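Go ahead and model the full structure; you've got the sequences and the hints to work with.
Residue numbers (this note's numbering), protein chains in the order written: chain S, 1 to 332; chain E, 1 to 332; chain X, 1 to 332.
Misleading hints may appear alongside valid ones.
No more than 25 angstroms apart at the CA atoms, straight line, and that leaves these computed lysine-lysine pairs for BS3-like [what the hints assert, rightly or not]:
1. LYS180/X to LYS279/X
2. LYS280/S to LYS177/S
3. LYS102/S to LYS276/X
4. LYS60/S to LYS60/E
5. LYS60/X to LYS145/S
6. LYS221/E to LYS177/E
7. LYS276/X to LYS180/X
8. LYS145/S to LYS61/X
9. LYS61/E to LYS145/X
10. LYS61/E to LYS61/X
Keep in mind the hints are simulated off the structure, nothing from the lab.
Keep in mind the model is a prediction, meaning the values are calculated, not measured.
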Amino acid sequence: MAKREFSSARSSAPVEAGEDGQFVWTRKDLLGLDELSERQIVHILDTAESFKEVSTRSIKKVPALRGKVVGLLFFEDSTRTRMSFELAASRMSADTILFTSKGSSVAKGETTLDTVRNIEAMGVDIFVIRHGQSGAPHVIARKVKSSIVNAGDGSHEHPTQGLLDIFTIRQRLGRVKGLKAAIVGDIAHSRVARSNIIGLQKLGAEVVVVGPPTLVPPAIKEMGCSISHDLDEILPQVDVVNMLRIQFERFTGAGAAFPSMREYANMYGLNAARLKRCKKNILVMHPGPINRGLEITTEVADGPNSCILQQVTNGLAVRMAVLYLVSQAAEK
Amino acid sequence: MAKREFSSARSSAPVEAGEDGQFVWTRKDLLGLDELSERQIVHILDTAESFKEVSTRSIKKVPALRGKVVGLLFFEDSTRTRMSFELAASRMSADTILFTSKGSSVAKGETTLDTVRNIEAMGVDIFVIRHGQSGAPHVIARKVKSSIVNAGDGSHEHPTQGLLDIFTIRQRLGRVKGLKAAIVGDIAHSRVARSNIIGLQKLGAEVVVVGPPTLVPPAIKEMGCSISHDLDEILPQVDVVNMLRIQFERFTGAGAAFPSMREYANMYGLNAARLKRCKKNILVMHPGPINRGLEITTEVADGPNSCILQQVTNGLAVRMAVLYLVSQAAEK
Amino acid sequence: MAKREFSSARSSAPVEAGEDGQFVWTRKDLLGLDELSERQIVHILDTAESFKEVSTRSIKKVPALRGKVVGLLFFEDSTRTRMSFELAASRMSADTILFTSKGSSVAKGETTLDTVRNIEAMGVDIFVIRHGQSGAPHVIARKVKSSIVNAGDGSHEHPTQGLLDIFTIRQRLGRVKGLKAAIVGDIAHSRVARSNIIGLQKLGAEVVVVGPPTLVPPAIKEMGCSISHDLDEILPQVDVVNMLRIQFERFTGAGAAFPSMREYANMYGLNAARLKRCKKNILVMHPGPINRGLEITTEVADGPNSCILQQVTNGLAVRMAVLYLVSQAAEK
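See below:
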């Protein structure tokens, strides 16, 4: 995949120093971690830090986006990501409007771009877009004035998931630089994996991807990470292990990626026995929803090394930060 | 059904006297009328009374739950109950977020508890849960910190429906104690019947359940009510008659509970002729949606003894009261 | 169609002069342009003009309907119209509640009127109703106290679409009186066509409807417009051309209205060649969603004569005005 292909044309000078020498965010879109510098990523994390406090208040509400409209455009289903963005928006007093492709004019032959332009004409300020096609949010971002936040495009990127994962690592382990992280599972089809690999490397961490050869394409090396097919060999070396969700459809039919779920769990599942051979403070992550007993056992998922629910909580803060930053840039 | 099985472990001391000797609500959950004392039920009704006035204002809005998030979790469809809770929440300035099990990660094999815990991690304060399994909200309430309000669980309880029915009786007839109420129809499968029986009895009313033997299980006597299969015999004795909705699926197939809908209407439907033989001020109730001409005729449903639409209106006030009370208890 | 059949009984004296001699809006419902006078239509357009400014502010929000509840009742799917009304309502600080007929008690045999009455009993102030049956909103308006806004009923009227089209014509061409407008396509089944014909004529414009004989019923002449089957003959004469969306189902099966889509596009599609033969400032309209290359080419749809996205933007302002006016009338 050509890196340039997806970049937003209008964000040519995304970082500028403000008059007082401070960092100024100037990107109206968040399309991927691919296009962000280390400094930009850190700026989002720091902004999220300040929003995190809002969620601990008795009245969890700030007026930051009052009178703005956030359009949630889900051309692909995603209950959790939709809810997280929706709550992030309303926590900042924005109005939200939901569009899903079911039963809508998408079915009637309208192009995606026409759909977005029409909803933009209704006065939507920020679009949060989930789309089955890699690069769809990038194409849209070049054609509309509103801000575009990529909520997952095909097998390309899921930048807010990458950011919330990195935010959680920084929170739990105090830093990202110098850490070694393993990402385990269906690397080939995972936008979560891609955004994590890109973001972690930009912040100075080392990434190894782990999984069966059918789910780990050799070309992933070009992203700068190493590859392993042996989880047991890798686990003792890493500070973070991110267990991807296994899609059941990979285990059925003629083109199945693996003989059986049981065998997968044996070879690539994280369980208590394996955890014992890890560093004591290893951080266990999962983007959810988890398949208990498949890629992760209940004991590990609910154990002290796990930060799965913290990831969800941090997702709110990260998404508040992203919505806020792109909205501020759009006003300039 | 064992009573203890469903009770919320953390609500061991649900009623306390405040410093000034006043009644203090300390339950973070509302799971069923089963677990409430007479005094607690009356306290909800009295609180609802004070919220009822809000809905008559030109600006129907109070800031009672501003900055709180109410998660509406409907694992089973229910348009009306969802709308009533949603309006109750927004009337108190809460943010709401809707989760339905269609097209969501429920289909992907995630457990109900993981779903709820994940949404809780997004900062939801109160969950309103409708679930097909009896006891599901009770299990969840023991595992999460957020407040749980049962919006109907299997054939177990539908406490806010019971409360709004009792609220309406008190409003229309001035009292509950000493009244005699008939509940007519599919008692076996009705959580509305159960919550009514429990609540009415706790407040000193007498309940008789009426219906064909196939829909009225003898074991219901253990709840303290009497059983009749003859509506005409019972009607002249009662102050309140609550006509349950008939489910069409009970009339079809090999295991049909009754030969035909027409025959059911003849034996257990409420019509003008039957109403003439009732007490003059008999209160006619129905949880809706009504099947006109089946369990109730249009003449009766829209007549002066009917309080069907008042029940709906009172539902808002009762749900506002419940959301408010559990939220206050959770803050302590 | 008998005109009186659909009129709202309670709106017998819809226009009155206020104490200071100013125009006072007294209609609690907006059912169709059919029942409005020229002065009433102009009053809605003028009110929309003042609301249009709100959408250009940084904080796009006014408290005009704070504490009011707008119920969006879509018995027929319509993503765009639903979103436009929802955004219009929240821009005026109203709470909204959505009801769609899927998976709801409609499927359980409840009458439409019972559904509406029940939701009204929850405290809804204004209903926005889309219904497949012509006249359904009119029947409902006679039976409930809440305001009813018709968001499209069968093949009868879609008054806010008509109003936003006329608003856009007035904005772009400076006037409506004396203009000549062509409406092209499936006139027989189009509520958009009907509301445009009625509204444009009331404001002094001349309307010609254009399309194949199978889609243009001769009886349409009774509405006061002329008929043509030759788009090329008509185009040079008109100031406005409104291209209706073609429904794919009209081209398939035994009762197909036209031999093929390609042939339809050749005869009745608007393309660059045809546009050259039009008046220089001809205004090109389309209610959306557009079928690019069928009833309109991309070049024309995105060209300088097109006002398609402006129509969408104006839709918000018009709907804000309508919700505001009916709400004010209901308070009296």
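Checklist line | Violating hint indices (sorted, rising) | finding: 3
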